[in-house]
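Number of protein chains: 2
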Amino acid sequence: MSDNVTLRLAEMRELSETILMDNGFNKDHARSITDIMYACQQDDCHSHGLHRLLMCVESIQSGRIDGTAVPTITDAGPSVVRANANKGMSLLALQAALPQLIEKAKKNGIAALAINNCYHFSALWPEVEKLSEAGLAAIAMVPSHAWVAPAGGTRGTLGTNPLAFSWPRRGKHPFTFDFATSQFARGEVELYRRAGKALPEGVAIDKDGKPTTDAEAAMNGAMLTFGGYKGSALSIMIELLAGPLIDDLTSKESMEFAEGKPEAPYHGEILIAIDPNLLSGGKAVANDERAERLFADILDQGARLPSQRRYVARENNMKRDAIEIPRTLYEELLTLRKS
Amino acid sequence: MSDNVTLRLAEMRELSETILMDNGFNKDHARSITDIMYACQQDDCHSHGLHRLLMCVESIQSGRIDGTAVPTITDAGPSVVRANANKGMSLLALQAALPQLIEKAKKNGIAALAINNCYHFSALWPEVEKLSEAGLAAIAMVPSHAWVAPAGGTRGTLGTNPLAFSWPRRGKHPFTFDFATSQFARGEVELYRRAGKALPEGVAIDKDGKPTTDAEAAMNGAMLTFGGYKGSALSIMIELLAGPLIDDLTSKESMEFAEGKPEAPYHGEILIAIDPNLLSGGKAVANDERAERLFADILDQGARLPSQRRYVARENNMKRDAIEIPRTLYEELLTLRKS
Chain A
4 MSDNVTLRLA
14 EMRELSETIL
24 MDNGFNKDHA
34 RSITDIMYAC
44 QQDDCHSHGL
54 HRLLMCVESI
64 QSGRIDGTAV
74 PTITDAGPSV
84 VRANANKGMS
94 LLALQAALPQ
104 LIEKAKKNGI
114 AALAINNCYH
124 FSALWPEVEK
134 LSEAGLAAIA
144 MVPSHAWVAP
154 AGGTRGTLGT
164 NPLAFSWPRR
174 GKHPFTFDFA
184 TSQFARGEVE
194 LYRRAGKALP
204 EGVAIDKDGK
214 PTTDAEAAMN
224 GAMLTFGGYK
234 GSALSIMIEL
244 LAGPLIDDLT
254 SKESMEFAEG
264 KPEAPYHGEI
274 LIAIDPNLLS
284 GGKAVANDER
294 AERLFADILD
304 QGARLPSQRR
314 YVARENNMKR
324 DAIEIPRTLY
334 EELLTLRKS
Chain B
4 MSDNVTLRLA
14 EMRELSETIL
24 MDNGFNKDHA
34 RSITDIMYAC
44 QQDDCHSHGL
54 HRLLMCVESI
64 QSGRIDGTAV
74 PTITDAGPSV
84 VRANANKGMS
94 LLALQAALPQ
104 LIEKAKKNGI
114 AALAINNCYH
124 FSALWPEVEK
134 LSEAGLAAIA
144 MVPSHAWVAP
154 AGGTRGTLGT
164 NPLAFSWPRR
174 GKHPFTFDFA
184 TSQFARGEVE
194 LYRRAGKALP
204 EGVAIDKDGK
214 PTTDAEAAMN
224 GAMLTFGGYK
234 GSALSIMIEL
244 LAGPLIDDLT
254 SKESMEFAEG
264 KPEAPYHGEI
274 LIAIDPNLLS
284 GGKAVANDER
294 AERLFADILD
304 QGARLPSQRR
314 YVARENNMKR
324 DAIEIPRTLY
334 EELLTLRKS
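Note that the protein sequences, when read in sequence, are chains A and B.
Just add 3 to wherever you are in the first sequence, counting from 1, and you've got the numbering used here.
Just add 3 to wherever you are in the second sequence, counting from 1, and you've got the numbering used here.
If you are wondering where the hints come from, they were derived from the structure by calculation, not from laboratory data.
Take the hints with a grain of salt, since some may be wrong.
For chains that are exact copies, the list does not tell them apart, and a pair is met inside one copy or across any two.
As the list claims (entries may be wrong) - Below, computed lysine-lysine pairings styled on DSBU-like, alpha-carbon distance capped at 30 Å:
id, residue 1, residue 2
1, Lys264, Lys286
2, Lys286, Lys109
3, Lys90, Lys286
4, Lys210, Lys110
5, Lys213, Lys341
6, Lys286, Lys341
7, Lys110, Lys341
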């Protein structure tokens, strides 16, 4: 028996929507959450694919997430949209606010979307990719929980604070990246701990603030940012822009709010969308070629563009109309179906 | 005899303006360039202080910079200002466009300034600090010359591409950082070369794309970005946003344009200004306190905020109304005075 189960793309969608709705999310939430898991699974991003259904169900069972919350969208200034998720998952609020963000960016040149009061579990790249499909450059940032120490610090204050960016390419998948500003993702440290493997140097400190390669000690201490003091500065910027700037929680406040409950972090998110046409004085087409020469020069020397592997996986999975997930995950998911 | 010369703050300004005007910059350019050098020198940022007068003079002597260029400011969309430096130094264009950028950010919530066709030598932190003095959060980015290889690459394609960010703090100096996305600054590698010192691992590759700690080989090869593939992705983002997005040159195009001449790089710059008041739905004061708790938590564990040293230097230098520069630099500067 294979260790993997193969699902057709439509089956994957159906499975995800059913599990979510069986556990208290309404159809709108189930769809918007499924859309993003579908995108991740299609690109073989297993960490943010169907696996996250477990967290979604656990989150709603903890009793604080509103699975039927209707987001409130506010026009908060000529170039600002605010989306109050009203204690629901972030994705429905994003979906509801996206058309207005796109419209404002195209009309004004640059616009920002603040999503507030949301539970958040998803990868950011599908969100910025969507903005690039509309012809825009886009940046997205979220805090998380205070597991990461600032450079020179001794304890967790910052989140894993991912930064995602996307650039539209004519007739091609966008140039997109999405990385945690911590050296490792929290889940990676956990995998090292379970495997009893030593962490590389420079990834974590213990509870006394001393460097450690012991994953158990790291889980009780703090992770470090990537790139030393520069990554730390970037992470603080993300705390500020996706937190106090938009009237929402820092990673530390979000962790306090969670009270150790096994639910998705509760905080805000910021997206910035920029129109290449207005920014270039109407010369976006000519400048696209300039960007393409940059990409070509990177590829020509054997380097990879950030999302290349994902796009290859997407094409393969779409062609064969199927994805694979571990049998253990599949069986666990089936126990969450009630209908 | 001391190795340093002490200048009063007013003397420093006068020396800088005189040298610039004696060498072909008009009064407006001389003032805007001096303002930024003054700010750097006042904060003991020697690398971007009076030392840069040598580069400014060399640049104008190369015959391509227009020392009398009048920048053209265009309202390019409700949230976009474009400033054409018309082949002058960037700083006068910045100064001329800043009021409009601030006005648009405060009215619309977020706004962008594209500076085009400028020669650029200056640190970015004084620019974003200025926006924070006006109560705004700000980001600035520029390309440079293609001295930096992308992650997994073998040759220079990216610039040292600095990223600067600033966050306004009530009654305090702003939270500000400004770092190169290359592991080292170009000038640092040059210092290692002159001193015959080995570079640390992971800073550079030689002309065949192989890792090297030999500074001479690094100068003929390429530098690496900070933080591996994440820093590389960030650097590519800066190429795109401060280049093709705003109809201006990439680092590679800028290097080709220079034809090896000893002048400041010629390219564009992007600044993004964000209004905490509109983004927070009018709750900027309450959220300031949230940001202050974040800073306090960082300081409390013995970590430093990015610009702390600069602010201490500034206070000291302002109090004693003096700065110090190396005697050798001072003597070299005197030879540039013609009046």
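So, going through the hints one by one against the coordinates:
1. Taking the closest pair of Cα atoms, Lys264 and Lys286 come within 30 Å of each other only across two copies (29 Å); inside a single copy the shortest separation is 51 Å, beyond that limit.
2. Taking the shortest alpha-carbon separations for Lys286 and Lys109, both the intra-copy value of 14 Å and the inter-copy value of 27 Å come in at or below 30 Å.
3. Taking CA atoms no more than 30 Å apart as the test, Lys90 paired with Lys286 passes between copies only; the shortest distance there is 20 Å, against 42 Å inside one copy.
4. Within a single copy, Lys210 and Lys110 get their C-alpha atoms no closer than 50 Å, and across copies no closer than 46 Å, so neither meets the 30 Å cut-off.
5. Proximity of Lys213 to Lys341 under the C-alpha cut-off of 30 Å is found in neither arrangement, the shortest distances being 48 Å within a copy and 58 Å between copies.
6. Taking the shortest alpha-carbon separations for Lys286 and Lys341, neither the intra-copy value of 55 Å nor the inter-copy value of 44 Å comes in at or below 30 Å.
7. For the homomeric pair Lys110 and Lys341, neither the shortest alpha-carbon distance inside one copy (47 Å) nor that between copies (51 Å) is at most 30 Å.
Violated hints, in rising order: 4, 5, 6, 7; the structure is consistent with all others.
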